[in-house]
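Peer 1: Please arrange chain B on chain A, whose structure you already have, making use of the hints.
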Amino acid sequence: MPKDHGIGASSKRREDIRFLTGEGNYTDDINVNGQAYVYFLRSDVAHGTLNGVDTSAADGMPGVVRIFTGADFEAVGSIPCGWQVTDKHGEVMQEPRHPVLAHGKVRHVGEPIAAVVAETLEQARDAAEAIVLDISELPAVINMKDAVKAGAPKVHDDLTSNLCYDWGFVEENKGAVDQAFKDAAHVTTLELVNNRLVANPMEPRVAVGDYSRGTGDHTLFTTSQNPHVIRLLMGAFVLGIPEHKLRVVAPDVGGGFGTKIFHYQEEAFVTFAAKACNRAVKWTSSRSEAFMSDAHGRDHVTKIELALDKDNNFTALRTDTYANMGAYLSTFAPSVPTWLHGTLMAGNYKTPLIYVNVKAVFTNTVPVDAYRGAGRPEATYQLERLVDKAAHELKVDPIKLRRQNFITQFPYATPVAVEYDTGNYVATMDKLEEMADIAGFKKRREASEAKGKLRGFGVNCYIEACGIAPSNLVGQLGARAGLFESCTVRVNATGGLVVMTGSHSHGQGHETSFAQVVADMIGIPEDMVEIVHGDTANTPMGMGTYGSRSLAVGGSAMVRATEKIIAKAKKIASHLLEASEGDVELKDGAFTVAGTDKSVAWGDVTLAAYVPHNYPLEEIEPGLEETAFYDPSNFTYPSGAYACEVELDPETGQVTIERFSAADDFGNIVNPMIVTGQVHGGLAQGIGQALLENCAYDSDGQLLSASYMDYAMPRASDLPFYDVDHSCQTPCTHNPLGVKGCGEAGAIGSPPAVVNAVLDAMRSGGSKVDHVDMPVSPHRVWEAMQG
Amino acid sequence: MTEVKMTVNGKAASGNVEGRTLLVQFLRENLNLTGTHVGCDTSQCGACVVHVNGEAVKSCTMLAVEANGAEVATIEGQAAPDGTLNTIQQAFQDHHGLQCGFCTPGMVMSAAALLKDNPKPTEADVRHYLDGNICRCTGYHNIVKAIMAASGQDVGTIAAE
Numbered sequence: 001m002p003k004d005h006g007i008g009a010s011s012k013r014r015e016d017i018r019f020l021t022g023e024g025n026y027t028d029d030i031n032v033n034g035q036a037y038v039y040f041l042r043s044d045v046a047h048g049t050l051n052g053v054d055t056s057a058a059d060g061m062p063g064v065v066r067i068f069t070g071a072d073f074e075a076v077g078s079i080p081c082g083w084q085v086t087d088k089h090g091e092v093m094q095e096p097r098h099p100v101l102a103h104g105k106v107r108h109v110g111e112p113i114a115a116v117v118a119e120t121l122e123q124a125r126d127a128a129e130a131i132v133l134d135i136s137e138l139p140a141v142i143n144m145k146d147a148v149k150a151g152a153p154k155v156h157d158d159l160t161s162n163l164c165y166d167w168g169f170v171e172e173n174k175g176a177v178d179q180a181f182k183d184a185a186h187v188t189t190l191e192l193v194n195n196r197l198v199a200n201p202m203e204p205r206v207a208v209g210d211y212s213r214g215t216g217d218h219t220l221f222t223t224s225q226n227p228h229v230i231r232l233l234m235g236a237f238v239l240g241i242p243e244h245k246l247r248v249v250a251p252d253v254g255g256g257f258g259t260k261i262f263h264y265q266e267e268a269f270v271t272f273a274a275k276a277c278n279r280a281v282k283w284t285s286s287r288s289e290a291f292m293s294d295a296h297g298r299d300h301v302t303k304i305e306l307a308l309d310k311d312n313n314f315t316a317l318r319t320d321t322y323a324n325m326g327a328y329l330s331t332f333a334p335s336v337p338t339w340l341h342g343t344l345m346a347g348n349y350k351t352p353l354i355y356v357n358v359k360a361v362f363t364n365t366v367p368v369d370a371y372r373g374a375g376r377p378e379a380t381y382q383l384e385r386l387v388d389k390a391a392h393e394l395k396v397d398p399i400k401l402r403r404q405n406f407i408t409q410f411p412y413a414t415p416v417a418v419e420y421d422t423g424n425y426v427a428t429m430d431k432l433e434e435m436a437d438i439a440g441f442k443k444r445r446e447a448s449e450a451k452g453k454l455r456g457f458g459v460n461c462y463i464e465a466c467g468i469a470p471s472n473l474v475g476q477l478g479a480r481a482g483l484f485e486s487c488t489v490r491v492n493a494t495g496g497l498v499v500m501t502g503s504h505s506h507g508q509g510h511e512t513s514f515a516q517v518v519a520d521m522i523g524i525p526e527d528m529v530e531i532v533h534g535d536t537a538n539t540p541m542g543m544g545t546y547g548s549r550s551l552a553v554g555g556s557a558m559v560r561a562t563e564k565i566i567a568k569a570k571k572i573a574s575h576l577l578e579a580s581e582g583d584v585e586l587k588d589g590a591f592t593v594a595g596t597d598k599s600v601a602w603g604d605v606t607l608a609a610y611v612p613h614n615y616p617l618e619e620i621e622p623g624l625e626e627t628a629f630y631d632p633s634n635f636t637y638p639s640g641a642y643a644c645e646v647e648l649d650p651e652t653g654q655v656t657i658e659r660f661s662a663a664d665d666f667g668n669i670v671n672p673m674i675v676t677g678q679v680h681g682g683l684a685q686g687i688g689q690a691l692l693e694n695c696a697y698d699s700d701g702q703l704l705s706a707s708y709m710d711y712a713m714p715r716a717s718d719l720p721f722y723d724v725d726h727s728c729q730t731p732c733t734h735n736p737l738g739v740k741g742c743g744e745a746g747a748i749g750s751p752p753a754v755v756n757a758v759l760d761a762m763r764s765g766g767s768k769v770d771h772v773d774m775p776v777s778p779h780r781v782w783e784a785m786q787g
Numbered sequence: 001m002t003e004v005k006m007t008v009n010g011k012a013a014s015g016n017v018e019g020r021t022l023l024v025q026f027l028r029e030n031l032n033l034t035g036t037h038v039g040c041d042t043s044q045c046g047a048c049v050v051h052v053n054g055e056a057v058k059s060c061t062m063l064a065v066e067a068n069g070a071e072v073a074t075i076e077g078q079a080a081p082d083g084t085l086n087t088i089q090q091a092f093q094d095h096h097g098l099q100c101g102f103c104t105p106g107m108v109m110s111a112a113a114l115l116k117d118n119p120k121p122t123e124a125d126v127r128h129y130l131d132g133n134i135c136r137c138t139g140y141h142n143i144v145k146a147i148m149a150a151s152g153q154d155v156g157t158i159a160a161e
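In order, the protein sequence lines correspond to chains A and B. Heads up: the first sequence at position 692 corresponds to 692 in the working numbering, and the numbers run straight through without jumps. Heads up: the second sequence at position 10 corresponds to 10 in the working numbering, and the numbers run straight through without jumps.
Looking at chain A on its own, in the form it has when it is part of the complex:
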């Protein structure tokens, strides 16, 4: 029987009530008395010398409060980067200054140059039209391989080149890897593009800055996945505001997918301008602005090679990747193609020797940073396309080739620095084969062919590293932050709990699932537990939500804090029960003395904590409130196997997804309904990447896909019902809940299955093609099939 409450129950989401009735409180719903509005005048050229910004005609226009330019921010810090990568020569990466408003040069279309603060947004926009920009356009660098050629125009004149870093991993293995390729019985090589994407949470970014001269307090309301991180980065590195004078609030946030992790110029601007103008300043991004100012994702160009012995065992893997950084380093950008990508290249396989080279490149494009999966989808896509190609070349079954090379013993230390604590790749593949009805495929293919269509089947595995991250480890790897999580549990006198977490929920349903955990631990109804998040004023310093870390890290902090609460409550209970503490146990919301019928209810104990008349005051303090910080000892390693079945119209190249099966191992699960929903959403984004989405620039650096008219967001009619299973569970061995994280799996695991299926369909129609880059649009498929 499925559970009806607590850990393991598909509890309905409490947050749904406000979202379904229009009572959500998103940042754009927040208005501060007397607020002004800002409109950013953004660069419409990709690269140029900014000779001057003439605001004279705009200054006196109706409603204008003040116009800001780059000169106003000379004394202000650079938008910081949170990760410093060291290259294969032991040199640190090149790190350019990132101004709040452009100064001296513009480096990508969409870069903010001037900001008009006015009484209304319309007045700000009107005045911005009267600003005259004097820009001498320079040749833009867009293509990464062109950008690193000698003599290429430099994005940053003060850097030695457009190469941010040239990273080798593991450098000491390179010789052995090269030797293994010389000794190989077979080598499979593949060159591919991981297409540039735009995260596109449905809520555009918004920032409202407020300031009180009376107290000197700053408040920033912002669409963020991690308000404490924004407070630290913006306060300490950009504006010089101490944290105790800066409150950052991320209220209901309408999706993030990574792009709301980062600290953006607009947040710093409204905070700065609120003080300068002595009134609140609000910015609401339009969708068009979002396309050219939200950090983009992916954008890798890779050559990958696999060496196999005569028995088809993988003996070595070698990759060479160019990773686009865009014009500036966004908050976590340098870590994505390195430590979130290179460390995943073993995948599910016991390949003994691996070497990864990544060249990170500056171009005149919007900065690129983490997007759902962040590095892990890029790793999975390369590897799983490559393994499929190897199977095709060797004329072996792609599932059999995978199974033959699976890691089966855990813990397993990969040759790329990480140790998988647990997993069972055979079990998820067994489950997948059952779900995908492989036996029935032949008939389904015949049915498609009878309609003049082609049908293809594709499969892949994935492994990811979640639960980011052990602070001491990532510190060695260049992180400029700790990656612990925090939680304060406050028990009220009448027994209800307020759980204040450093994690942030922007669609993940923490208000429901986190409450399930605490209620289960104490044995009380879930509605006695309230989850508070998103406000630095009432939550402990936490690192926020990304990298599928909330339950694995934030949930662990919550468990630790709740354990402290229970331990103290037990002391109080033993006093009330006049029993030895060791004999007292908590069960179903009551403390009982083992082997007796003596019992005291949870609410009586919590009341005693706040009305300590009969209370061991000499031994323990009154009150019941505890805080815990949890720093994980390892990453978690969710894994799974996915299968996709497509139908392809050879006349048009149109591909439709007919079946999609996903067998995941997320370890233990708190709310199966929410986990399934997370996988669905990830699958849609992965299928979107594979079939539809592409962020395109022309050679001059103009953004061609800057609206929903041009950027193909997946719609309901593009997608099927998915078949999702997470019954294979190998609990994480090192966190208290045994959980691994599920937020990114769908986006990581699905693109290769789709492309593998499309290629299978194409081949079934006689095509000899061995690769088509994503998105496998009708045009690309049709063209490839012609020849």
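There could be a bad hint or two in this list.
What the hints assert, rightly or not - Here are the in silico distance ranges between beta carbons for each label pair:
(1) Lys395(A) - Asp131(B): 39 to 45 Å
(2) Thr157(B) - His779(A): 32 to 38 Å
(3) Pro153(A) - Lys5(B): 54 to 60 Å
(4) Lys116(B) - Glu651(A): 34 to 40 Å
(5) Glu18(B) - Ser56(A): 22 to 28 Å
Simulated from the structure, these hints should not be mistaken for laboratory data. Even glycine gets a Cβ: it sits at the ideal position worked out from N, Cα and C.
Peer 2: Just chain B, lined up with the frame of chain A:
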């Protein structure tokens, strides 16, 4: 400035607006009905769908003055006066048809318009109808399922929790 008067969720509403003021701005800024959202600027995403005289309308694509004299319904008026969710809202909660909630008001309003015209839509009908409503969180699976369930159809055979 022009004065506009309309009925919103059964109550009289009025205000002074510029000619360029969009219906969604009037709802959000003048009436403080912030449940209707703006997710794009090209009439693609559908987060702003409301009903005007019973028809689903993208309120970012209609001027406030065009709605003068109209009956407007928004997400705030969908539940019963005592707060009980309507059938569609309840189905969205029961079937986990929302995550971040930002597209949800538009989805619920579009679903209501669909079911009015087509009380027993097929899966394909629902998917086709939602072409003008973009969701980035759910992958649409549970939205389609919720709408079919709200129409009284058995969705038990559709996979997953």
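Peer 1: Are the hints correct? Go through all of them and say.
Peer 2: Hint check:
Roughly 43 Å separates the CB atoms of Lys395(A) and Asp131(B), a value that falls within the hinted 39 to 45 Å. Roughly 36 Å separates the CB atoms of Thr157(B) and His779(A), a value that falls within the hinted 32 to 38 Å. Look at Pro153(A) against Lys5(B): about 59 Å separates their beta carbons, and that is inside 54 to 60 Å. Distance hint check: the CB atoms of Lys116(B) and Glu651(A) are about 37 Å apart, consistent with the given range 34 to 40 Å.
The hinted window of 22 to 28 Å between Glu18(B) and Ser56(A) holds, with their beta carbons roughly 27 Å apart.
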